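A.B. asks: Following the hints, complete the assembly by docking chain U onto the known chain E.
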Amino acid sequence: MRKFFVIALVVFAVFATSLIAADPVILRFYFPVGVAGPLARYMGELADKFNSTHPDIIVEPIYSGGYPETLQRALTASKAGNPPDVALLTAADIWTAADEKIIISLESFIEAEGGETFLEPYFQAFLEDCDVAGELYAIPFQKSTPIFYYNKDMFREAGLDPDRPPSTWTELKEYATKLAKKEGGNTVRWGVEIPIDQWLLSAFIMQNGGLVNNQAGTETYLNSPEAIGALEFMRSLVAEGLMPARRLFGDSSADFVAGTTAMMYNSTGSLTFVRDSATFDWGVAYLPENVRRAVPTGGGQLVIMAGIPAERQKAAWEFIKWMTLPEQAATWSMKTGYVAVREDAFDVPEMKAYVEGFPFAIVAREQLQFVLVGEPPATHAARQISRFMTDALEGAIAGMISAKDALNTAQAEAERVLRPYR
Amino acid sequence: MRLSRKWRTYLLGYLLILPSFVFLIVFTYYPVVRSVWLSLFQKMAGGVTKFVGLANYEYMFGSRLFRQVMQNNLVYSLGSVIPAIILGLVFAILLNKRLKLRGAFRFSIFYPTMIPIAAASMVWIFLFSQSYGLLNKVLSLLGLSSNIDWLNTTPYAMLSIILVSVWKFAGYYMLLFLSGLQSIDESLYEAAVLEGANAWQKFRKITLPLLSPTTFFVTLMAIINSFQSVDQVYVMTRGGPYNTTNVLLYYIYQNGFVYWDTGIASSASVVLFSILLVFTFIYYFGLQHFVHYER
Chain E
89 MRKFFVIALV
99 VFAVFATSLI
109 AADPVILRFY
119 FPVGVAGPLA
129 RYMGELADKF
139 NSTHPDIIVE
149 PIYSGGYPET
159 LQRALTASKA
169 GNPPDVALLT
179 AADIWTAADE
189 KIIISLESFI
199 EAEGGETFLE
209 PYFQAFLEDC
219 DVAGELYAIP
229 FQKSTPIFYY
239 NKDMFREAGL
249 DPDRPPSTWT
259 ELKEYATKLA
269 KKEGGNTVRW
279 GVEIPIDQWL
289 LSAFIMQNGG
299 LVNNQAGTET
309 YLNSPEAIGA
319 LEFMRSLVAE
329 GLMPARRLFG
339 DSSADFVAGT
349 TAMMYNSTGS
359 LTFVRDSATF
369 DWGVAYLPEN
379 VRRAVPTGGG
389 QLVIMAGIPA
399 ERQKAAWEFI
409 KWMTLPEQAA
419 TWSMKTGYVA
429 VREDAFDVPE
439 MKAYVEGFPF
449 AIVAREQLQF
459 VLVGEPPATH
469 AARQISRFMT
479 DALEGAIAGM
489 ISAKDALNTA
499 QAEAERVLRP
509 YR
Chain U
1330 MRLSRKWRTY
1340 LLGYLLILPS
1350 FVFLIVFTYY
1360 PVVRSVWLSL
1370 FQKMAGGVTK
1380 FVGLANYEYM
1390 FGSRLFRQVM
1400 QNNLVYSLGS
1410 VIPAIILGLV
1420 FAILLNKRLK
1430 LRGAFRFSIF
1440 YPTMIPIAAA
1450 SMVWIFLFSQ
1460 SYGLLNKVLS
1470 LLGLSSNIDW
1480 LNTTPYAMLS
1490 IILVSVWKFA
1500 GYYMLLFLSG
1510 LQSIDESLYE
1520 AAVLEGANAW
1530 QKFRKITLPL
1540 LSPTTFFVTL
1550 MAIINSFQSV
1560 DQVYVMTRGG
1570 PYNTTNVLLY
1580 YIYQNGFVYW
1590 DTGIASSASV
1600 VLFSILLVFT
1610 FIYYFGLQHF
1620 VHYER
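In the order they appear, the protein sequences are chains E and U. Sequence positions in the first sequence follow the working numbering and run 89 to 510. Sequence positions in the second sequence follow the working numbering and run 1330 to 1624.
These are computed hints drawn from the structure, not numbers from a lab. The structure presented is a predicted model; accordingly, all values stated were derived computationally and were not measured. All C-beta atoms in this analysis are idealised placements derived from N, C-alpha and C, irrespective of residue type, glycine included. Keep in mind that the hints are not guaranteed to be accurate.
[As the list claims (entries may be wrong)] Residues of chain E clear of chain U, computed beta-carbon distances all greater than 10 Å:
id	residue
1	ALA346
2	GLU377
3	ARG471
[Claimed, not checked] Facing chain E, according to a computed beta carbon distance under 8 Å, are these residues of chain U, among others:
id	residue
4	PHE1370
5	ASN1476
6	ASP1478
7	THR1482
8	PRO1570
9	ASN1572
[Unchecked claim] Restraint ranges, calculated between C-beta atoms of paired labels, are given here:
id	chain 1	residue 1	chain 2	residue 2	range
10	E	GLY338	U	LEU1517	54 to 60 Å
11	E	ASP369	U	LEU1407	33 to 39 Å
12	E	ILE146	U	TRP1336	55 to 61 Å
13	E	GLY338	U	VAL1522	45 to 51 Å
14	U	GLN1400	E	GLU262	38 to 44 Å
15	U	TYR1358	E	GLY338	37 to 43 Å
16	E	GLU262	U	VAL1467	55 to 61 Å
17	U	LYS1534	E	MET488	48 to 54 Å
18	E	ALA500	U	TYR1613	53 to 59 Å
19	E	PRO397	U	LEU1616	55 to 61 Å
20	E	ALA398	U	TYR1358	37 to 43 Å
Bound conformation, chain U alone:
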């Protein structure tokens, strides 16, 4: 039997995507399904598990710790995403101009992105130290309160985590914004200048709208990032003091790999998965509806 031409084309297409599809199934879809399945079981004595339906979720949503973890994650997400994006945008606009040493500035702002966050966090631990940290030294030179125990008291611990995240990610967002800025046609600005537009008007009416696809992409990326970063928490605070820096992914890690409570860890993973799924939908939906494209 000979396949029709159309079917042969389809078959070739499926064959070509097969390798990556196999990887997706093995490393993405299967674990997702398995997490959902495991989240319905509770660990019992003797290494066995018992089917408990939605009891894990019921316990989790009812527990003070989980609610606090979600709240922490919200604070962390808002606190790190907004400043990182604004800083990224500001740096991008400044460094898109013709400046002396522009390359050096761009490099130094982008540089934190290239250091593994775990290694960077180790360095920040020293900067944040109460007795010999650089941060307190600088504060005391400025005549400000300089006896802050950054990583061990609230709300400074969360502030420290946020600070490291902003430092880490702003440079990356700058890079994305820079590429967005450079795709804007110079002639639009020239026309605006001829019409007598000032700098603010140019920014407000040309740069921002034409940058909106980039901004949208960066924002979504940043939010998703903020749910996936756990290294600085693990290295710098271990979720403390009193769980005030415990975020969702760290909670999953603790339950899964310190307590070996697969049921709770899987339930929390399903929650994380759902959150990220919502943002992914917003992304694809938004791409089609909200974003202004120059056509």
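Excised from the complex, chain E in its bound form:
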């Protein structure tokens, strides 16, 4: 009898508290994992921390594949009338999401937080990826840049100074020639690997003095002389047997730690993987320059979905804001290798200690001063433009088409898909 009484009391207590406390807002958060490592687990830990400090909001992080799959899910869910609340999208997809009207402008939220003063601590270079034709739709969260990795042991072996990585295109080719190993006409060790991606083609175009697109995102300059020159340079690396014809980011970092290539271009997101896997002395540096030093940004930013009630949008904003506070920005950066999105994250004590123990982590941040326009192509239909660029890159460096013809085709295709937006 007494047992019954106790149980009844407990049941009553549970009921009562759940009646008194307001229903918490539940936020569904779609996030991709773009680099190696248990990022999904870290994301869960971050959400738990948010949930424990915000009793009226419950965030449910939902792993959604890579960046393209995350947009796919967010878009199909939105079209079916059941959108998530928050998503982590790559720069190209923010244009698509805004064009499809599935995300909302964040201008009014930012205004309410104090406008410019609120944005001030974020790196300007990263905010470049958050706007669609001048209007802010996102807040930077996990950001990266390409950086240059090199094997110091191989530098020594080839008689190169391990503390002086190549700083220009000319040096890059010179070093690659010294570092590549050939046996009977076959290259057995590559001088350098540049993953096949519009991201790195953009870097070369900008370093050669060109630009990929205009500010309004309605025009591309893919067949400019600067772009053709950039692609011709990349092609010459392959033609001279210094670089393999086609590697993706993962292939390159695997080749680098396996010692199959002496140098590589890769994302800062690979720092942790290389640190944990390389069995040799290595270093990182800025990307080599040509006409000018320039680097694109990459990675993901947080957006709030359209088509959800205002109170959930407000809760979503609370979550986004919290996720990019200095402490969280520092935690995420230390765990993943992404660049912390704001200046003051580097003042967090743990971050200070981390950077001291692993100075490579600072190279990407310092490279941000060379960011020109964020992550190109920043246009409408950006995924398609990216594909045209990658196609041109693949075709040209495989020697199947000249750099000029490849880029003329890419430009013509880009003009076709951008026509409706003019």
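C.D. replies: Just chain U, lined up with the frame of chain E:
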């Protein structure tokens, strides 16, 4: 009013097929009609679409990429269907004999069919790797050229995709051929032996003709399969290098779910649908006219 007996029988029949018919309409016929409809629209700024008639088809058939995709698909279909069928038939004939460990052989050849193709493709990526892949190691042991970058150069990328498909499907076709072989009456062979027929004559005059319904079915299945497989392309090459392994279904996926260009994706889907429809007609027509049945 009472329905006549005949009508009640009809009604019962319709009622019984209703559940599957509803599913067919919702998941097959409606999407087909909708694809045809969507293929007449073009995406415009601001998330709206504009009716453009056949302009999507006009653009597609005129584009170099689409022609290349169709050509790739033809190469892939021929390249994977013919070897897979021949291998399937050979394995079936060999493993229809009384052999020691016959079960183990059958199992090991059928086994690839049971692995999801996406998972198998992940494994093959490692086998195909230029620097540490097993395939190049084996080639170098055989003293052959062993520095092939299988997945990243032409024509090796397409060859790799074809190889995985043959590996994947041959076992399944073997199983179908085996069931065909076992339905052939032993007494025919006994009679042939009495008449003094040799092994080739038995194969040519008994096995092949009596296997023709199976062969016909397998061939059509294989062709249709070859238009529907996209997983290995997605996992292993993403259509590259330079679109030389981009096949029709991957093209549809890219346009539909990466570029969100529903117009082009729907047009390409309609093309795929028409191709498969033609083969389905051939199948039903052929069943009635070409195939030799023992009656």
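A.B. asks: For each hint, tell me whether it holds in the structure or not.
C.D. replies: Consistency of the hints with the structure:
The beta carbon of ALA346 (chain E) is not kept farther than 10 Å from every beta carbon of chain U, the shortest such distance being approximately 6 Å. No beta-carbon of chain U is positioned within 10 Å of the beta-carbon of GLU377 (chain E); the least distance is around 28 Å. For ARG471 (chain E), the condition that its CB be more than 10 Å from all CB atoms of chain U is violated, with the nearest at approximately 5 Å. Residue-level restraint check for PHE1370 (chain U) is violated (minimum Cβ-Cβ distance to chain E is 12 Å; threshold 8 Å).
Using the Cβ-Cβ criterion of 8 Å, the hint placing ASN1476 (chain U) at the interface with chain E is satisfied: the shortest such distance is roughly 4 Å. Below 8 Å, beta-carbon pairs count as interface contacts, and ASP1478 (chain U) has one with chain E at about 6 Å; its hint therefore holds. A cut of 8 Å between beta carbons decides the hint on THR1482 (chain U): the least distance to chain E is about 6 Å, and the hint holds. A least Cβ separation of about 5 Å between PRO1570 (chain U) and chain E falls short of the 8 Å threshold, and the interface hint therefore holds.
A distance limit of 8 Å between C-beta atoms decides the matter here; for ASN1572 (chain U) the minimum to chain E is near 6 Å, and the interface restraint holds. About 57 Å separates the C-beta atoms of GLY338 (chain E) and LEU1517 (chain U), a value consistent with the hinted range of 54 to 60 Å. Roughly 51 Å separates the CB atoms of ASP369 (chain E) and LEU1407 (chain U), a value that falls outside the hinted 33 to 39 Å. Taken as a hint, the range 55 to 61 Å holds for the pair ILE146 (chain E) and TRP1336 (chain U), whose Cβ atoms sit roughly 58 Å apart.
Between GLY338 (chain E) and VAL1522 (chain U) the C-beta distance comes to about 60 Å, which lies outside the given range of 45 to 51 Å. For the hinted restraint 38 to 44 Å between GLN1400 (chain U) and GLU262 (chain E), the CB-CB distance of approximately 41 Å keeps it satisfied. Restraint check, TYR1358 (chain U) to GLY338 (chain E): a C-beta distance of roughly 42 Å satisfies the suggested window 37 to 43 Å. The given range of 55 to 61 Å is broken by GLU262 (chain E) and VAL1467 (chain U), whose C-beta atoms sit roughly 37 Å from each other.
The beta-carbon spacing between LYS1534 (chain U) and MET488 (chain E), approximately 49 Å, falls within the hinted interval of 48 to 54 Å. As the Cβ distance of ALA500 (chain E) to TYR1613 (chain U) is approximately 44 Å, the hint placing it in 53 to 59 Å is violated. Hint check: PRO397 (chain E) to LEU1616 (chain U), Cβ distance near 57 Å, so the stated range 55 to 61 Å holds. Taking the beta carbon of each, ALA398 (chain E) and TYR1358 (chain U) are about 40 Å apart, inside 37 to 43 Å as hinted.
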